[in-house]
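2 protein chains.
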Amino acid sequence: MAVPYSQLSKEELLKLKEEYEHVLKYYKDRGIKLDMSRGKPSVEQLNLSMGMMDVFHSESDLKCEDGTDCRNYGVLDGIPEAKRLLAEIAEVQPEEIMIFGNSSLNVMYDTMARAYMYGIFGNEPWCRQEHVKFLCPVPGYDRHFTITESFGFEMINIPMTPTGPDMDMVEEYVNNDPEVKGIWCVPKYSNPQGISYSDETVRRFAALTPAAPDFRIFWDNAYSVHHLYEDKQDIILEILTECKKAGHPDIVYKFTSTSKITFPGSGVAAIAASPKNIAEIRNFTRIQTIGHDKLNQLRHVRFFRDVYGIQAQMKRHADIIRPKFEMVENILERDLSGLEIGTWTKPLGGYFISFDSLDGCAKAIVQMAKDTGVTMTPAGATFPYGKDPHDSNIRIAPTYPTLTELQTAAEIFTLCVRLVSLNKLLEEKAE
Amino acid sequence: MAVPYSQLSKEELLKLKEEYEHVLKYYKDRGIKLDMSRGKPSVEQLNLSMGMMDVFHSESDLKCEDGTDCRNYGVLDGIPEAKRLLAEIAEVQPEEIMIFGNSSLNVMYDTMARAYMYGIFGNEPWCRQEHVKFLCPVPGYDRHFTITESFGFEMINIPMTPTGPDMDMVEEYVNNDPEVKGIWCVPKYSNPQGISYSDETVRRFAALTPAAPDFRIFWDNAYSVHHLYEDKQDIILEILTECKKAGHPDIVYKFTSTSKITFPGSGVAAIAASPKNIAEIRNFTRIQTIGHDKLNQLRHVRFFRDVYGIQAQMKRHADIIRPKFEMVENILERDLSGLEIGTWTKPLGGYFISFDSLDGCAKAIVQMAKDTGVTMTPAGATFPYGKDPHDSNIRIAPTYPTLTELQTAAEIFTLCVRLVSLNKLLEEKAE
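Line by line, the protein sequences give chains A and B.
In our numbering, each residue carries its 1-based index in the first sequence increased by 1.
In our numbering, each residue carries its 1-based index in the second sequence increased by 1.
Only chain A is shown next, with the shape it has when bound in the complex (with noise of 0.2 Å):
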């Protein structure tokens, strides 16, 4: 049974030190080359779409189902049949989706884009307002909140709980206070804790009577079909359906993409929304393009023909990375179980995992693992401005390096969150 590190003398904290620091050095001197910072599908990962690139055969391959030709310009909203196969991945109607090109970040970029030039259902837009805020859960997705800085709103964080945001604090902000016009959610498998929100959470947000008549739930649903399990996994409520119920069809935006069931760089991206969001949303889309790439779109159909090819698909992309993940957890375990340093989720699916060091050493243990040739998501990241108020929070992002150099990363990042914590009770004591 391993004893807390808090409960050790400063000798045996010394003797541990330096322990590790030789193991650290010898890391040190293989000069290892890894990577555990973002969400990227592994190569085995990618080989599972390959079929993709194989799927027209004749110029007659190239029409979809109403007689387009889906070489030719036109058809804004995407094609009917990758409508209602990205719509079923969404879980909402085909008239509420419609599709984009390679990147949903693209699209919520371009959402809060229009909002802010063009203003929302007729209101101000947000660029003439004098001051906007977007409530950001925190830890979260880095390029959300790097795009809502980028139009000068403030962020406000907002606590993650084990069922999702700090619903309280939501309401509070977003019923009494007009300036707050939006809210970034990951809903299910939340980057980077793996929270899935419990269906109060959503009911709750779907209950919302926002101050401001364009207020928005930009509501990233990434990871709605990545499990790791099949026997686990967490189901939400849908959101769409849930604020149609309360009396609030449109207070919400929904994002997916299929970034991570075929090629992250070439895949289909969607927003869904009620009608009337969607009407909008059509109306300034066809000032900005004649329409997204409907053969991309067409690939994307005949190769998976319906939600059951999806679905078969993501069992095959969990049994790559099922086992990254419990590698990476078993290591979190073994190595750091007892010592009271640290704590870290146990999503049943997503790309991450969240670590919270003690406070003050997650940017010491991101700079120590960096040395060592291990690279991390950058403390804070997870963070509006970069600032975690704690500097605790770390994300690993275990899909992309294969086993073998997973579990070397893995490693060396217990070795660095103790000699870290090791160094501030140290400190501590010395003071």
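Accuracy of the hints is not assured; some may be wrong.
Identical chains share a label here; the pair holds if one copy fits it or two copies do between them.
What the hints assert, rightly or not - Derived SDA-like pairs (lysine to any residue); straight-line CA-CA distance at most 20 Å:
no.: 1; residue 1: Lys18; residue 2: Pro379
no.: 2; residue 1: Lys134; residue 2: Met118
no.: 3; residue 1: Lys388; residue 2: Ile288
no.: 4; residue 1: Lys34; residue 2: Gly75
no.: 5; residue 1: Lys34; residue 2: Asp67
no.: 6; residue 1: Lys245; residue 2: Thr69
no.: 7; residue 1: Lys34; residue 2: Gly68
no.: 8; residue 1: Lys64; residue 2: Asn48
no.: 9; residue 1: Lys18; residue 2: Gly310
no.: 10; residue 1: Lys277; residue 2: Asp36
no.: 11; residue 1: Lys134; residue 2: Glu60
no.: 12; residue 1: Lys64; residue 2: Pro402
Hints in this document: simulated from the structure, not taken from any laboratory.
Fit chain B to the given chain A structure using the hints.
Relative to chain A, chain B alone:
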């Protein structure tokens, strides 16, 4: 030798009118449905690029020359070989170009949106400036105008001349009015007239000394390699080079795409600009997306290999569309020559023929053609706000229909021109 309508007596005009109305009725009774409205490649042209669907044969095929797996995330600027290929099309250096998604219209929109939201080179964002004006050479491309109108900018008509926009007027506005932030240009085989800017015009653009520090030329080089003839081709000066020579390297954004080289809906678009402009664009684009579709970039490079492959492809396109342009020109010549009721352009490339009717006749001609089953671009569309001050310009897009369809469409068109002109002249005589 045809006699000008203006020299005919009322009786002669009435006789012609009766005759032509019989022919019109004959066409109407046939229930024709033809489309000469948009610059869309024909199916035969699309088939020229079918080989592009078949360039990847194994996993290793999906790596670009620097070893990057094009299926995964990353590479914001575009893969090196795609930058090189598009740079050759755009006649710039690879470091002066960034590759985007499938739509150059989207790139232009985003470029204006960035200036609107963030400003250029640290200047006040256009959304914060009291009044923004944009110069619009007319007749021009309706989608340029729609973008500009969506941001609420004032659009100012600049008449086109046979050598490009009226440069006295352009200089007067740009060099003196700090509210003038930009100008739209289609410098080669312009939309809709097929005019190519003379060397003097390009040099005068490069020599502009804008009153606004954040003025930009939006140089939409949509038809740079889109010649109709091998032995008669327009050549225009390269604008980035000229701007550099003139000491104003940063005043231009140049746009290009493969939309009318491969597949309109699934091509690759790019922006070319000075390294300082590119650096700024890259910094903002980084917020918007992780990267564009690299597989599609690679597909293009594999299919064409280099600019010689592009040139060969454009000759094949020309072989298909040249007879269409010639047929329309021959019918215009045969039916309208000498009547003094219209003039038209005879471009050496691009996608359009521009027709100018007697003043006040364009809307009626397009409406009559529509009632007879032939869809044309709406009259007025070639002007900002859809307002052609003379109601005379009509854009003819001959590429999409088959030769047989085109013959009927062109004959109906000239018939409508004659009838509407007769009506106008008869009305004038009645006054």
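Structure-based check of all given hints:
1. Lys18 with Pro379: Classified as neither; 24 Å inside a copy, 78 Å across copies.
2. Lys134 with Met118: both (16 Å within a copy, 17 Å between copies)
3. Lys388 with Ile288: Classified as between: cross-chain Cα gap 18 Å, same-chain 37 Å, threshold 20 Å.
4. Lys34 with Gly75: For lysine 34 and glycine 75, only the inter-copy Cα distance (19 Å) is at most 20 Å; the intra-copy one is 46 Å.
5. Lys34 with Asp67: between (51 Å within a copy, 19 Å between copies)
6. Lys245 with Thr69: Result: close neither inside a copy nor across copies, 33 Å intra and 45 Å inter.
7. Lys34 with Gly68: For lysine 34 and glycine 68, only the inter-copy Cα distance (17 Å) is at most 20 Å; the intra-copy one is 51 Å.
8. Lys64 with Asn48: Only across copies: lysine 64 and asparagine 48 sit 13 Å apart there, 26 Å inside one copy, limit 20 Å.
9. Lys18 with Gly310: Neither, since 52 Å and 63 Å both go past 20 Å.
10. Lys277 with Asp36: neither (43 Å within a copy, 31 Å between copies)
11. Lys134 with Glu60: neither (51 Å within a copy, 46 Å between copies)
12. Lys64 with Pro402: between (39 Å within a copy, 18 Å between copies)
Taken one by one, the earlier hints fail for this structure at numbers 1, 6, 9, 10, 11, listed in ascending order.
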